[in-house]
Amino acid sequence: MPSLKDLKNRIESVKSTRKITKAMQMVAAAKLRRAQDAAEQARPYAERFNAVLSGLAQSVGGSDTAPRLLAGTGKDDVHLLVVMTAERGLCGGFNSSIARLAKTRADELLAAGKTVKIITVGKKGREILKRSHSDHFIDHVDLTEVKKIGYANAQDIAKDVLTRFDAEEFDVATIFFNRFQSVISQVPTEQQIIPAVFEEGEGVSALYDYEPSEEAILADLLPRGVATQIFAALLENAASEQGARMSAMDNATRNAGEMIDKLTIQFNRSRQAVITNELIEIISGAEAL
Amino acid sequence: MANTMQFDLVSPERSLASLQATEVQIPAAEGYMTAMPDHAPTITSLKPGVLRVVSDSGSQDYIVTGGFAEISGEATSVLAERAIPRDEFTADELTALVNDARKAQENAPDDAVEAATKLVADLVAVGDEIGISVR
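Just so you know, the protein sequences line up as chains A and B, in that order.
As numbered in this note's numbering, residues 411 to 699 make up the first sequence, in order.
As numbered in this note's numbering, residues 470 to 604 make up the second sequence, in order.
It is worth saying that the hints were derived from the structure and are not from the lab.
Computed from a predicted structure; not experimentally measured.
For each residue, glycine too, the CB sits at the ideal point set by N, CA and C.
Hints may contain errors.
[Stated by the list, open to error] Coverage of chain B stretches by chain A, computed from C-beta distances (three or more under 8 Å per stretch; other residues unrestricted):
1. 472 to 484
2. 522 to 530
[Claimed, not checked] For each label pair, taking beta carbons as the anchor points, the in silico distance ranges come out as:
3. T427/A - D530/B: 53 to 61 Å
4. V523/B - G503/A: 50 to 58 Å
5. T554/A - A565/B: 22 to 30 Å
6. T525/A - D530/B: 30 to 38 Å
7. G600/B - T514/A: 52 to 60 Å
8. V582/B - G484/A: 22 to 30 Å
9. E543/B - T554/A: 45 to 53 Å
10. E499/B - R443/A: 26 to 34 Å
11. A590/B - S542/A: 46 to 54 Å
12. A584/B - E578/A: 14 to 22 Å
13. D556/B - A461/A: 29 to 37 Å
14. E555/A - S528/B: 37 to 45 Å
15. R664/A - A584/B: 43 to 51 Å
[Claimed, not checked] On the chain B side, residues computed to face chain A include the following (Cβ under 8 Å):
16. A497
17. Y501
18. T513
19. S514
20. E539
21. G542
Just chain B, with the same shape it has in the complex (with noise of 0.2 Å):
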């Protein structure tokens, strides 16, 4: 069994990450998932969160909005409608998404309203992993 798969991430603007990992931590809709080598072919939608890359040479962390993921035996590819370096990352840009989010929910039309209400909060969850507050 193979140790590594190839790991792809890619936002609309540009590829932000293309290598060989062991393990990638996806904050897929329904909750974390880690996929591994020899995962089963999975397509998932992302929810806001922290993106988590193993590989021989250490871990890099990414914080994603949505997009979907796709998860097969030899490879994950992870489409990310923003993703941004951990280290890169600063509160006024969760603050931006946070305000940006609360916006849509207020005009969102009624069927929309839970979508829009849990993305605020996936948003401030996010915030607090990571140790950062929204102002």
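Isolated chain A, as found in the complex (with noise of 0.2 Å):
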């Protein structure tokens, strides 16, 4: 049975864990609304770009001459995963359960005798692969550093994934990240970026004319294709960070209310038991007399 003092330091201790989560959700909040007003920003560009990018893909992708970014190496040996997670903690499910998918296609992939080769964005992630694909590491992106995403930083990631790309490093291509959804509700997403893919039907028609050339015009949005959708992964998965670290800490906060509910109950409970006994104690010694 914990004393009196003991049970008001656990009171006081819970409240001060409580005032912490409460701030960190609104925090959260706040940042959440401004990541999703960045998300909301760039969904015209990246809806635009795909559209005229598969309408190309299309008309050009057939022939031969198609670019290696379009058309694949021809094998699929090496697979590059760039598993995009958060820098900080604290924001429930939403790292492990990237790092998870990642680990589970990677798993697949060995399995299949596949060479696989990883590149992590944010150290949350990287710890959480280091314990069990740490051999296949071969880059880490850290943007700790970074206070709000711009398309600079996925234009970095690009870079890096198009120059290890031309010296034939990997085949294919595909990043993890959270898609956002709601508050409550990220799901993890895996992409195919190199070789791209297009979803059929979609796409602009064939009646536009093309200058340079289709070819020269495709050769030159692939690269930054990469980008764009590297970026829409990152502003995804920001939005999702915060919204996880929101629900969790709203999750949080609501736990520490329940606890000082019951640690005051038990509080006031064992206050009356000492009552009585001094009372009792009391009226046996005068009655003793």
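Each of the two chains sits in its own frame; use the hints to bring them together as a complex.
Have a look at this one:
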């Protein structure tokens, strides 16, 4: 049975924990709004871009001269996994769900006899994957210092990936990130970026004139497409991270509240018990006289 | 014939302009071109240059780096990798862009040297055009 003093201390400590989680929740809510705005702002570009690109890809894709970014290297022996997670924890299952998806995929590929290379973005995912797949790490992108994700960050990652592709270090590249659905739901997603895949049927019609030529524009756009997809994924991830943190902290705040209630009841009961005990002692002392 | 068309200028990070324009001057890869309503549908890539949008309420210039433009009879969309309003474009930014391009030029593999060199020249030409010199 904990003493009154112990109970009081525990109540105090849970109360301060609740204050922290409440503050983190509110910060996450503000950041979430900003991250969602950023994702919203980036959407028109990505949509137009993909529409034009997939239209081009469909008209040029079949030919023998299709760029390697579209047609691939003709093999799928070496897979590059770009795993994007957060730089910070305390956001529920956000990091572990991406890491789990990447891990499952990597194990599948390894079991199929393929070579796996991993680039991690965000240190949390790296920490989780380090235990099982550290031999496959080839690079890490640190975004700790980055306050607001810009297109330049995506370009840097894309440039790194493209350089490795040109050096024939891998055949297929896939990115792993959380797609933002709502505050309580983020979907871990894998998306193949090299060779580029497009959904059939959509895209602009072939009525356009192309200047300089279809092939030249396609060759110009494909590397940008990689950066655009990475940028979209980074933004989705940022919004998901804040959403996940917000709901995790909301839960924590609620749990702390319940715990405080329970401890307060326990505290009051034992206080009453102590008083009753004292009374009994006094009364029986008086009777003994 | 309609005398205006929908014009959109978007960069990866945000949408910069969306308005009814009467004509748009585009720094296309093979030279400047002007798009007016009922232009033949065209998709062209961009080189660094000045994008001028003329509407009923006046004209507005933007500095764009790369990207592409999608022109149809009723609408023109410019998807620029970077787009900066002319008034906000400073010598520092131009210098940074040129320096980046020069660095890329030095590290470029053999088959890309020509393109990288052209990029540097284009950027310097942009500076000349708007009266900003590279430091």
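Against the structure, the hints:
no., hint, in the structure
1, 472 to 484, "holds (count 7)"
2, 522 to 530, "violated (count 0)"
3, T427/A - D530/B: 53 to 61 Å, "holds, 55 Å"
4, V523/B - G503/A: 50 to 58 Å, "holds, 53 Å"
5, T554/A - A565/B: 22 to 30 Å, "holds, 23 Å"
6, T525/A - D530/B: 30 to 38 Å, "violated, 50 Å"
7, G600/B - T514/A: 52 to 60 Å, "holds, 58 Å"
8, V582/B - G484/A: 22 to 30 Å, "holds, 27 Å"
9, E543/B - T554/A: 45 to 53 Å, "holds, 46 Å"
10, E499/B - R443/A: 26 to 34 Å, "violated, 43 Å"
11, A590/B - S542/A: 46 to 54 Å, "holds, 50 Å"
12, A584/B - E578/A: 14 to 22 Å, "holds, 21 Å"
13, D556/B - A461/A: 29 to 37 Å, "holds, 31 Å"
14, E555/A - S528/B: 37 to 45 Å, "holds, 40 Å"
15, R664/A - A584/B: 43 to 51 Å, "violated, 58 Å"
16, A497, "holds, 6 Å"
17, Y501, "violated, 12 Å"
18, T513, "holds, 4 Å"
19, S514, "holds, 5 Å"
20, E539, "holds, 6 Å"
21, G542, "violated, 11 Å"
Of the numbered hints stated above, those contradicted by the structure are hints 2, 6, 10, 15, 17 and 21, listed in ascending order.
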